[in-house]
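**Q** In order, the protein sequence lines correspond to chains A and B.
Under my numbering, think of the first position of the first sequence as 2, with each following residue one higher.
Under my numbering, think of the first position of the second sequence as 2, with each following residue one higher.
Quick caveat, the hints were computed from the structure, so don't treat them as lab data.
What you were told as hints is all true, and nothing was included just to trick you.
Same chains, same names: a pair is fine if it fits in one copy or spans any two.
The list that follows gives simulated cross-link-like pairs (lysine to any residue, SDA-like), each with its CA atoms no further than 25 Å apart:
| hint | residue 1 | residue 2 |
| --- | --- | --- |
| 1 | Lys343 | Glu383 |
| 2 | Lys326 | Asp40 |
| 3 | Lys287 | Ser53 |
| 4 | Lys287 | Asp45 |
| 5 | Lys29 | Pro76 |
Remember, it's a predicted structure, so these values are computed and weren't measured experimentally.
As a plain string of letters, each chain reads:
There are 2 protein chains.
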Amino acid sequence: MSPAQFEFAPLFPAGLPPAAVRWTGRVKYDFTFGNNDPDRLPLDGLITAANSVLRREGRTLATYFLSSGPQGYRPLREILVAQLKAGAGIDCTADDILITSGSLQGIELVNRTLLERGDTVIIEQECFEGSINRLLRLGVTPVGIPLDGDGIRIDLLANALDELKRNGIRPKYIYVIPTVQNPTGTILPLERRRELLRLAAAYDVPLFEDDCYSDLVWSGERPPALYAMSARGGVVYIGSFSKSIAPALRVGYVVAPWEVMSRMLAVKTDAGTGALEQMVLAEFCKTGFSSHVPMLRRSLRGKLETLKESLRRSFGAAAQFDDPKGGIFLWVTLPESVDTLKLHQCALAAGIAINPGVQWSVNKAYARNRMRLCFASPSHEEISHGVAALAEVCRREFGVPRDPESGSPRPL
Amino acid sequence: MSPAQFEFAPLFPAGLPPAAVRWTGRVKYDFTFGNNDPDRLPLDGLITAANSVLRREGRTLATYFLSSGPQGYRPLREILVAQLKAGAGIDCTADDILITSGSLQGIELVNRTLLERGDTVIIEQECFEGSINRLLRLGVTPVGIPLDGDGIRIDLLANALDELKRNGIRPKYIYVIPTVQNPTGTILPLERRRELLRLAAAYDVPLFEDDCYSDLVWSGERPPALYAMSARGGVVYIGSFSKSIAPALRVGYVVAPWEVMSRMLAVKTDAGTGALEQMVLAEFCKTGFSSHVPMLRRSLRGKLETLKESLRRSFGAAAQFDDPKGGIFLWVTLPESVDTLKLHQCALAAGIAINPGVQWSVNKAYARNRMRLCFASPSHEEISHGVAALAEVCRREFGVPRDPESGSPRPL
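With the hints as constraints, model all of the structure from the sequences given.
**A** Laid out in structure tokens, this is it:
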């Protein structure tokens, strides 16, 4: 008789997140998770880059941090200095940049350096799920500020800051995604950026600027980053190559003053971010980034058009959305009778994955009938078929959409 | 007049680690940090692997987790199944393996899943600095068990378990590096492994087995892993490619029962470990691992001989050490008058880096005159010159070694 199995469960600390379920493969129609367009991955360029950088300096892989120290592969940081100047208008040096394992690690490090249980921060009401979750796990209260078609509402932010101050609360930061907001796809105009910086200065609260999607603005033109516009330096900035090159390459970055950088370095105890990925990215970006990104944008915009057309065809007036200014996702409002969390569950059973609104907002009532659809990864055909199949599930569960032509259910 | 700079310091939470100092480049003679031998890096093999795997399936980089799900690139896990069977005697499937960003992330995930502030764990008295530090940062008490030439002292472990039990304390785990212990280089013999498993079972405490160096046993033969020997499954196992292939590739792994795996997955919120590194490693290891590792071992053993010879020449009887059974480090005892923390500081100023013993032990008095020297990265010439220069610093600061020939200081 074999002895009883060891039981780990009694050892788990209180508050441990629930067990993950076993992964069972990707669903057929996947509108989640910020995956990119496989056909637009610059594969030849990455292969050439891998060959060239490995032949030249591959032996440095025998050394933790290569020859660059804990802030990451120096040539990649130097490329970022130029890219950040050209794109976001940021003046910085390689010493102001920390390469991270995706921008998620950037968020972790900023949170670890600034937050503790019981703190309050301000965020956009609709906001990246991963940022909301991290705050809740830390026991930090996120105060959500509503958005409109131009991003965060400055008047409501002013009210919130004022009310918090009257209650003796100094928020630890104001977290914003000002350039292609996630999930709404808005861009904060220049004048609102100025007002945001003025308010932050007036209330002595730093800004945490998440600029992960800013390479994917359709027009290729964007307002300067808050980091670039700040006269007093109270901004921490993060970015990523996940959206512009490939998400499975886990490479992001933080730009921050040394006062914060030196603390983040002290808590970044991972012995470095993957060096091969940094080397290949740097080598590719030297010559390939500026021509790749416009091609990617055009491709993504084409998929967005397919998604919008598919929604119009399959959902008719039941699906409302603004035109995002760039990015990889569309924020969709369905009739109030639709609970997108339930829709998400039913859709999954039919092989369709969506992001239910309540996961992307701190206002659960507002987000209940909203959803985020990512359009970069599925093909045009998958987008069209997937949206039609989603409409079918929605019709079955909630009675909407009716046939947009006749007002009665239509065959797919 | 420019406005005053924003001050972040008042926002830092209590207990934040002190600021890092700016990196100023590698020292001339670096005997720290587990770097590998750049001349033994299998560069041609890695380049061939990168080409081949990227051409075949590079477009999957557009998808988080590739097509493999959150436990990591499936072909790499399948290779590990075979490697772990052949080397450590472990019977497992790809579903029992989680690929991590270095084994450090493995340690973080295990700790996150099992520990909370106020807990107690048992470790080897001399132990990997990164493991000790993580415990202390978590507010967990590590109880250190002395080692001898055959690894952890089972009699003293039994005493400690007994005393803890009498005090009503159930340790959360027993953490051991049984195969090429860090820093002592011992291998726990089969019989002690049996006794360790018996004790762990008797006290109902799980084992946390860190097997990072086990590919580097000089003889190429090793006892089976505790994971393999455990009849009741109370073992979590971690390993790494950092020591066998390249440390800057941040790829490690955890083998654990689903009860623990499912909890680790829930707290591994990094959107995946770097995929390019996993893909290139898997492709290389398919054909290259089994011929590469013996070559690496021979090279490392040659460098160990150079280190021992250099120590005998420059330190004479002042440097005492046992012959490690494998690995990349030597644990050296200096005369009691030598404080290796001070030696470390003075040596750094002279361009020599060593690991002072107190950082690698929970018994500060015992470790005060001990040090860890890593020998994989410096060349034979650097080892020889570096040890001579270290002896010179030590002689200047502590009056030892005297000239091993004449009893008086000797010129270098």
